[in-house]
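S.K.: Below are the chains, spelled out letter by letter.
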Amino acid sequence: MSTQEQKPEPDTEPEEPESQEAPVEQRAPASPQQRRMQRKASNLAERERQAAEDEAKLEGDTVHLKVFRFDPEVANKQEPRFDDFHVPLERGMTVLDALIYARDEYDSSLTFRHSCRQAICGSDAFFVNGSQRLGCKTQLSELDQPVRVEPLPHQEVVKDLVVDMEHFYDQMHSVEPYMQQEDLPEGDLAEMRQSRENREKIKMSTRCIWCGACMSSCNIAAGDNQYLGPAAINKAYRFAMDEREDEEIKEHRLRIIEQEHGVWRCQTQFSCTEVCPKDIPLTEHIQELKREAVKKNLKFW
Amino acid sequence: MYEHDVIVVGAGGAGLRAAIAAHEAGADVAMVTKLHPVRSHTGAAEGGINAALREGDDWELHAYDTMKGSDYLGDAPAIETLAKDAPEDTITLEHWGMPFSREDDGTVSQRPFGGLSFPRTTYAGAETGHHLLHVLYEQVVKRGIQVYDEWFVMNLAVTDEPDPNDRTCHGVVAYDVQSGKIEGFKATNGVIIATGGPGQAFDHTTNAVSCTGDGQAMAYRAGVPLEDMEFVQFHPTTLPSTGVLISEGVRGEGGILYNEDGERFMFEHGYANNDGELASRDVVSRAELTEVNEGRGVEDEYVHLDMRHLGAERILDRLENILHLAEDFEGVDGLVEPMPVKPGQHYEMGGIETDENGETCIDGLYAAGECACVSVHGANRLGGNALPELVVFGKRAGYHAAGADLGEAAIETGYSEDVEDETNPDLPVTPGEAGLEPAGGAVAADGSGQVLDEADVLERAVEAERARTERLMEREDGVKHADVRAKLQRAMTRDVNVFREAEGLKRALREIRECRELYQEVAVQDPSRTFNTDLQMTYETRNLIDIAETIALGALVRNEFRGAHWRLENQVRDDENWLKHTLISWNGGKPSIWYRPVILEGEAKTYEPKVRSY
Amino acid sequence: MSQSYNRGLIEDFGRWKEFSAGMWAWIFHKFTGWVLIGYLFTHIAVLSSALAGPEAYTETLQGLEALFVVRLLEVGLLAVAVFHILNGIRLLMVDLGIGLDAQDKSFYLSLLITGAIAVASVPTFMTDVGF
Amino acid sequence: MAERYSSFTPGGTAWLLQRVTAVFLIFALAFHFFLLHFVNHAWEIEFAGTQARMQDLGYFITMILFLITATFHGVNGVYNALINQGLTGTPRKVVLAILVLASLALVGQGIWVAIEMRGGLIL
Ligand SMILES: Cc1cc2nc3c(=O)[nH]c(=O)nc-3n(C[C@H](O)[C@H](O)[C@H](O)COP(=O)(O)OP(=O)(O)OC[C@H]3O[C@@H](n4cnc5c(N)ncnc54)[C@H](O)[C@@H]3O)c2cc1C
Ligand code: HEM
Ligand code: SF4
Ligand code: F3S
Ligand code: FES
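Protein chains in written order, with our numbering: chain L, 728 to 1028; chain F, 3 to 616; chain Z, 27 to 157; chain S, 34 to 156.
Honestly, the hints are just simulated from the structure, not real lab data. Here the structure is a predicted model, which means the values were calculated and not measured. Honestly, I wouldn't trust all of these hints.
To be verified - Below, in silico cross-link-like pairs of lysine-lysine (DSBU-like), each with a Cα-Cα straight-line distance of 35 Å or less:
| # | chain 1 | residue 1 | chain 2 | residue 2 |
| --- | --- | --- | --- | --- |
| 1 | L | 977 | Z | 56 |
| 2 | L | 793 | F | 489 |
| 3 | L | 1022 | Z | 131 |
| 4 | F | 592 | L | 930 |
| 5 | L | 1026 | Z | 56 |
| 6 | F | 508 | F | 592 |
| 7 | L | 1026 | S | 126 |
| 8 | F | 86 | L | 928 |
| 9 | F | 508 | L | 928 |
| 10 | F | 183 | L | 804 |
| 11 | L | 1023 | F | 582 |
| 12 | L | 930 | S | 126 |
| 13 | F | 489 | F | 183 |
| 14 | F | 144 | F | 188 |
| 15 | L | 928 | L | 1026 |
| 16 | L | 930 | Z | 131 |
| 17 | L | 1022 | F | 144 |
| 18 | L | 928 | L | 1022 |
| 19 | L | 977 | L | 930 |
| 20 | F | 582 | F | 86 |
| 21 | F | 188 | F | 86 |
| 22 | L | 930 | F | 86 |
| 23 | L | 928 | Z | 56 |
| 24 | F | 489 | L | 804 |
| 25 | L | 928 | Z | 131 |
| 26 | Z | 131 | L | 793 |
| 27 | L | 1026 | F | 144 |
| 28 | Z | 56 | L | 1022 |
| 29 | L | 1023 | S | 126 |
| 30 | L | 1023 | Z | 131 |
| 31 | L | 1022 | S | 126 |
| 32 | Z | 131 | L | 804 |
| 33 | S | 126 | Z | 56 |
| 34 | L | 977 | L | 928 |
| 35 | L | 977 | F | 144 |
| 36 | F | 188 | L | 793 |
| 37 | F | 188 | F | 592 |
Generate coordinates for the entire structure from the input sequences, incorporating the hints supplied.
M.R.: Take a look at the structure:
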């Protein structure tokens, strides 16, 4: 594209390949190259203006983080405290980005779990400005400053932002979270059939990334350590509603969730549903299981 | 010390599948993983699993497509094994409860994917990897397999015979992240490495922060050659700001790429006149960068991927996850505007050299998944071929390590006298160990040359790691690992990217050398033994340096253009000279490069290299 | 995990400022429920004056009703009962899976109606005791 | 798997009954409040009026039912709340016993009072 073509070529403009709505541009008399350059110049100006505006919105160019610190082994961290970090703000920066910056630039001992940076591994659920959120999925621009980052409440703190997840895992495991259908279709490469509606029904429940945000937000789970908690109940829901499992297995599953520390514990506080980064309608699933359990019991009455 | 029959290092798709198989074959299996299994990066895979399931498709077509996609650098026995086992292994996943997307008749759906002659990519929405990972973990829970999570494996316990082919692996040394203790894990039958890719060697990558190539580096230093490391796949559609991947599924469903002028450049500029957007990834990535370099990129940085014409209903049904990604990480609503995309590091085709049974040249040492190179992907991996690789070769490695008979492997492993050596690599610096920081490599590398008995091997490896850790912890002032890592990533992204040239590669090697030297002074600042990620990342950075070096070395010697590897100096595929794998051996700290011919003879037919056009 | 740190009670109720609608609804419902059952016991106790004869009954009741505090408490009781009823209805809907998306709005609405009814009842309830 | 087909588990029963009684109480309580605070004013209550209402059999039965359901609902609610707060073991049994006794006393006393108001057990 180095040679500049000056002659106007009104009709040699590339056609749209299909009649789909592509970003069709207004036609200008100059050559494609010139138009491109013009547009770039004006785009650039627009972008700069935009950036300036955004920047003005973001209080100064740094973000003030207050991060919970604790380490059982280090003398001056044994008493929990908050450390302040001032991190230069970039557009699109998330809480996780800021923490990484603070760690890499200011204090290598700042400790937190993280991995995927894209809301799929579920390792970086923190308590940010008073609610449970994934660090990588939370834009700093949405938050009031200073941004207070703490470990998930209701779990023991191992160090800084790292909490002990063992109990959460135990609860997840306790609902027999695996397909138990033994009776499989005959024949090579024969899959079990599942209707689209049924897949749709369980779809949301299969999205859980085990981040533990829901469990941390639930007052009931905090008070009753044995309560299965929203994530585990949701896991049970995922299987109980999957039509690929036989009816008896479903009944077995309902018996698990209606035990003493199961669904009845839920007091429909909805905070689990509010904090779930995967938008799983947890309360709805719990309530549906309550009704299913009642229905099942009425059948045998 | 802990003891099990089979130790699986890493609990992503490959590791989990291997553990299940070894358990089925009757072994006492344990998984040792630095992340809890469900945190593994397999969860990020979006698009799907290739398997020939339907009428009109068969494994031979799948094998053919894969061979063509590999640009004739895949080994036929590996590719055919993949294509043959994938259908059954995919259905097994379904039987384990995987929520695949469904057709009206309730069967699992398949969709077209780049480089495939049949729509054989089986998928579960745009979150196939998430479901695969969770389903496999569920089966591990069901079987009660022991998982040591948040245990970082630092090294392998391998005997130190002079010839790597004579060595045996007896276990691993791991660091308990929570408590800081370093312990040995003895494996009576075998160790399976399934630690995933080394994407963190680059700074714009779709890979997780945990993808640091640890397993590859450990195997490499223990004496296993790394194969075809120069073949790094750059995915054409990643979000510019974060590197988050926009699945190929979008193009599979009919998404279109436009340059700034609204031209559908894949066709209009002749990059792929038949397949357009669905051409193989390397083709599309280069096309995008060419557009940008020639001034037709949006904001001079990226191009647009448009899926609006698919309609909200179809998008919500099949690509809903993409909408969330574009919204959360780029602030773009895919239903009303096109999404910005650019190429980003995505997948390492090369890796630990293994045969079809997952075995390496070291006795009792296996590898599976992205860290391994059985050589199914050759010079370029087709979308949707990694997940079947995880289940097929994970399963095989598991069975084999547990003692099941899978038959003689057709692929040879390990250095032998009759291979071709690279005698005159024109290197700007000497690669390999920089001297001060002790190898931290295999016991083999401690130089004593004596053959140890089993028990001693593990114990000595543990001692070596404890000593290394003490040194890192005690050093008072020094360089931060984060600075070394950042320098390494910048060098790799600048010079070992989609377009490569000799000068740049040499510059990269020099910088890698500088990183090595800097690393000699690296100091861990966090004094705590509890959850010391500073220490863990310091170990990882060491691994990244070793891996980055093999990538740059391979890229420098291979002077041709094949698959994902493009060279300015020789922009054609050179079958005469380069129908061979690049292998790099550590040799106790003095890397050497050698070659092994590609196996093009399949079970029934020989694959003739053809021009790869899409 | 012997060394980990338990932040104890601050986490539960020290965080009240950060509670969401559903949590407040839960707390209010609890509170109102307890008040109501407490009142039920008191109420029966007061009514038991009937056992001592019609006059005792009438006197007790009218004596109590003459007190300003009692009237005030009655308004409070009404508010408590109305809230418990309205939020109880909300909870019943939630149990049936109806209107889950509007659960916070329905809570605010319950509060609003409760307030309105309580205020509206003041003239009736406070007749003759200074109003 | 089908070894235990016991019907209602305690949790489920309590939960369901709490809701069923709640539905009844909505109407009963609304009626009660309306009648005794708006139609008849509380401060004007006299024994005679109460007696007159109580002599209506329907009203009498409604009030008894109201008392029973309200007691059950309230006490069951309190009990569940305590269990949710982690009440277990012996204390839990003791609390249950106390609550049951208290409710029986309350209901007994209430019925006695109601009969008295009605002027004896005349039907
Ligand atoms: C965004 C994205 C999308 C993709 N989409 C597709 C797709 O659609 N189809 C497809 O076929 N492929 C896809 N791929 C490729 C595929 O997902 C990966 O190649 C594959 O998941 C790798 O799996 P793995 O089991 O080898 O490794 P991982 O899943 O990365 O797991 C590695 C495991 O090793 C552990 N580990 C690492 N180092 C250590 C250590 N030192 N000590 C102990 N444990 C360790 C980790 O904890 C982890 O459990 C995609 C990849 C990405 C990044
Ligand atoms: C008038 C209609 C009423 C309705 C609709 C109603 C509804 C409810 C519901 C649905 C619950 C269960 C809450 C839960 O478990 O999440 C509940 C709890 C309760 N109710 Fe009622 N109720 C009513 C009247 C009463 C009355 C008259 C009393 C007192 C006697 C009462 C006392 C209680 C108590 C003590 C609780 C337990 C609160 C707690 O959880 O601590 N309710 N109510
Ligand atoms: S249900 Fe939601 S909040 Fe709870 S663990 Fe799963 S993803 Fe996290
Ligand atoms: S927050 Fe807790 S009370 Fe129920 S609705 Fe969610 S589990
Ligand atoms: S880093 Fe994986 S969910 Fe945030």
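S.K.: The structure should be examined with respect to each hint, and the outcome stated for every one.
M.R.: Evaluation of the provided hints:
{"no.": "1", "hint": "977(L) <-> 56(Z)", "result": "33 Å, holds"}
{"no.": "2", "hint": "793(L) <-> 489(F)", "result": "29 Å, holds"}
{"no.": "3", "hint": "1022(L) <-> 131(Z)", "result": "29 Å, holds"}
{"no.": "4", "hint": "592(F) <-> 930(L)", "result": "52 Å, violated"}
{"no.": "5", "hint": "1026(L) <-> 56(Z)", "result": "32 Å, holds"}
{"no.": "6", "hint": "508(F) <-> 592(F)", "result": "18 Å, holds"}
{"no.": "7", "hint": "1026(L) <-> 126(S)", "result": "30 Å, holds"}
{"no.": "8", "hint": "86(F) <-> 928(L)", "result": "33 Å, holds"}
{"no.": "9", "hint": "508(F) <-> 928(L)", "result": "55 Å, violated"}
{"no.": "10", "hint": "183(F) <-> 804(L)", "result": "21 Å, holds"}
{"no.": "11", "hint": "1023(L) <-> 582(F)", "result": "65 Å, violated"}
{"no.": "12", "hint": "930(L) <-> 126(S)", "result": "42 Å, violated"}
{"no.": "13", "hint": "489(F) <-> 183(F)", "result": "30 Å, holds"}
{"no.": "14", "hint": "144(F) <-> 188(F)", "result": "24 Å, holds"}
{"no.": "15", "hint": "928(L) <-> 1026(L)", "result": "24 Å, holds"}
{"no.": "16", "hint": "930(L) <-> 131(Z)", "result": "27 Å, holds"}
{"no.": "17", "hint": "1022(L) <-> 144(F)", "result": "28 Å, holds"}
{"no.": "18", "hint": "928(L) <-> 1022(L)", "result": "19 Å, holds"}
{"no.": "19", "hint": "977(L) <-> 930(L)", "result": "17 Å, holds"}
{"no.": "20", "hint": "582(F) <-> 86(F)", "result": "24 Å, holds"}
{"no.": "21", "hint": "188(F) <-> 86(F)", "result": "34 Å, holds"}
{"no.": "22", "hint": "930(L) <-> 86(F)", "result": "30 Å, holds"}
{"no.": "23", "hint": "928(L) <-> 56(Z)", "result": "33 Å, holds"}
{"no.": "24", "hint": "489(F) <-> 804(L)", "result": "31 Å, holds"}
{"no.": "25", "hint": "928(L) <-> 131(Z)", "result": "26 Å, holds"}
{"no.": "26", "hint": "131(Z) <-> 793(L)", "result": "32 Å, holds"}
{"no.": "27", "hint": "1026(L) <-> 144(F)", "result": "30 Å, holds"}
{"no.": "28", "hint": "56(Z) <-> 1022(L)", "result": "27 Å, holds"}
{"no.": "29", "hint": "1023(L) <-> 126(S)", "result": "28 Å, holds"}
{"no.": "30", "hint": "1023(L) <-> 131(Z)", "result": "32 Å, holds"}
{"no.": "31", "hint": "1022(L) <-> 126(S)", "result": "28 Å, holds"}
{"no.": "32", "hint": "131(Z) <-> 804(L)", "result": "43 Å, violated"}
{"no.": "33", "hint": "126(S) <-> 56(Z)", "result": "22 Å, holds"}
{"no.": "34", "hint": "977(L) <-> 928(L)", "result": "15 Å, holds"}
{"no.": "35", "hint": "977(L) <-> 144(F)", "result": "17 Å, holds"}
{"no.": "36", "hint": "188(F) <-> 793(L)", "result": "44 Å, violated"}
{"no.": "37", "hint": "188(F) <-> 592(F)", "result": "28 Å, holds"}
Hint compliance for this structure: hints 4, 9, 11, 12, 32 and 36 are not met, and every other hint is.
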